[in-house]
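Given these sequences and hints, build the entire structure.
What follows is each chain in one-letter form.
There are 2 protein chains.
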Amino acid sequence: METISANKSHHGTQYVCSHPSIATKTEMLFSVFVPHGDGPFPVLWYLSGLTCSHANVTEKGEYRKACAEHGIIFVAPDTSPRGESVANGETYSMGQGASFYIDATQAPWKEHFQMKSYVENELPELVAREFLMADTSRQGITGHSMGGHGALMIGLRNPGKFRSISAFAPITSPMNCPWGEAALSSYLGGDQAAWAEYDSCELIKKGATPDALLIDQGLADEFLSEQLKPNLLEEACKDTNINLRLRRHEGYDHSYYFISTFLTDHIEWHSKRLLAQS
Amino acid sequence: METISANKSHHGTQYVCSHPSIATKTEMLFSVFVPHGDGPFPVLWYLSGLTCSHANVTEKGEYRKACAEHGIIFVAPDTSPRGESVANGETYSMGQGASFYIDATQAPWKEHFQMKSYVENELPELVAREFLMADTSRQGITGHSMGGHGALMIGLRNPGKFRSISAFAPITSPMNCPWGEAALSSYLGGDQAAWAEYDSCELIKKGATPDALLIDQGLADEFLSEQLKPNLLEEACKDTNINLRLRRHEGYDHSYYFISTFLTDHIEWHSKRLLAQS
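Chains as they are written, first to last, in numbering that gives the first Met the number 0: chain A, 0 to 277; chain B, 0 to 277.
The hints are simulated quantities; they were obtained by calculation from the structure and are not laboratory data.
Worth double-checking, as some hints may not be accurate.
Any copy will do: because identical chains look the same in the list, a pair fits if it lies in one copy or spans two.
[What the hints assert, rightly or not] The calculated lysine-lysine pairs, modelled on DSS-like cross-linking and capped at a C-alpha distance of 30 Å, are: (1) K237 with K204; (2) K271 with K64; (3) K205 with K237; (4) K59 with K271; (5) K271 with K24; (6) K59 with K205; (7) K160 with K271.
If you're wondering where the values come from, they're calculated on a predicted model, not measured in any experiment.
Spelled out as structure tokens, the structure:
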């Protein structure tokens, strides 16, 4: 791992790092905020949305103050492998910047697009090795839009790894929206049983039972009704024991102006769960 | 005035606006955060540093939460006129993005580089006209680096307009640093008496007496000893009644990671002075 930059901020350190990934076979960038002190600190993962990299939330997320106060390490991976040798799509919702956090099985994607394995296993193991103050036995996960889908999906698939799951304006059911249908069919082919493994609503219907989910959704979000569909998550959680807290916010859109308003709430929510018992 | 964008954030609205400036004879962009509610709200001005526009602090400043809580309008102008017809320098510290908030008297700069008049008069009058909840009888001013110089200089020159003055890593004496010497000689010619009108330390020596100044300075700032020189401001304030609070911070650099750490403190400091009496 190489440290690209390290800047003191909010009494801790904001790192940007690079490493050659085994899963994606590319060099991958990610950012890590480490609070001041010796730790051990729980880890909150933030998965970004379409077109973003680690940089968007690192610059615009306004998370460092709350992470410093609560003693939380905040890690933001990239949204896909990148590079000239990596396959790409014709629109912003396919290919580089748009992995949907899937392990692709179809050419030309499968060579590098192994982002589920990268986020579930490789990067947490790297963070645990390189940041000794990180307590990776206590992890939470959140994300935005496509990364909100990623956070829900990876959190639901790995209840032993992630104690707390939240999301901002997530794609709740990629099987049931245009962005997701295009991505799933390209990355996984036509077998809808394979798609369902990456669909949060399907995972809940099949029995995933987190104790709670916190979701924030802006009502002026241009993608709300066609792509995000929070009502599908509400329906999936009905008749389960999942305490779904879905907050709808008048006037907020899909941007970081929305995320930064509520990210402190999410950090507090995760910290209660991550710091409750060790 | 044209509204380029309006995004709900921290229960208020972040605007980016454009207008044809009389002072600079160019179209000028600026950003305005307006808290939720009817006001009247005092106005805090933020002047940005070399190479920046309104966008840097708007995206990375982390100021909206505190402005929302204290009921402060936050305005960030651009750092210079811009455009193909506008003169430019050969380095990042001269010309577009580097006005030093001066009214230039020398060709080719004087045609458009009238940023003192723009920030002191034209833009406050526009904001007062267009944002009726803005109480421009209660204004404070802050800024970073070249914009820290601008905030100190314009604040000191206009005690009747700005009740409170602070800065982040300011150029304290442009007459005594390479960036400033190059800019002052280009924009104003060789007459050092004209330079002194734009030099905060000289303005204090000539009798400017704000009751207090709040300055934050990182000690890992690469420009500290050659360009910024906070000790010159300390010397100028010695034997005056100015309550100079100059905080030196171990490990912090010149970036927005530093500014965003302490901008909330500045907003609280200004709000005490701006909300004290009306």
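Hint check results:
no.: 1; hint: K237 with K204; in the structure: within (10 Å within a copy, 71 Å between copies)
no.: 2; hint: K271 with K64; in the structure: both (16 Å within a copy, 22 Å between copies)
no.: 3; hint: K205 with K237; in the structure: within (13 Å within a copy, 73 Å between copies)
no.: 4; hint: K59 with K271; in the structure: both (24 Å within a copy, 27 Å between copies)
no.: 5; hint: K271 with K24; in the structure: neither (36 Å within a copy, 55 Å between copies)
no.: 6; hint: K59 with K205; in the structure: neither (36 Å within a copy, 42 Å between copies)
no.: 7; hint: K160 with K271; in the structure: within (16 Å within a copy, 46 Å between copies)
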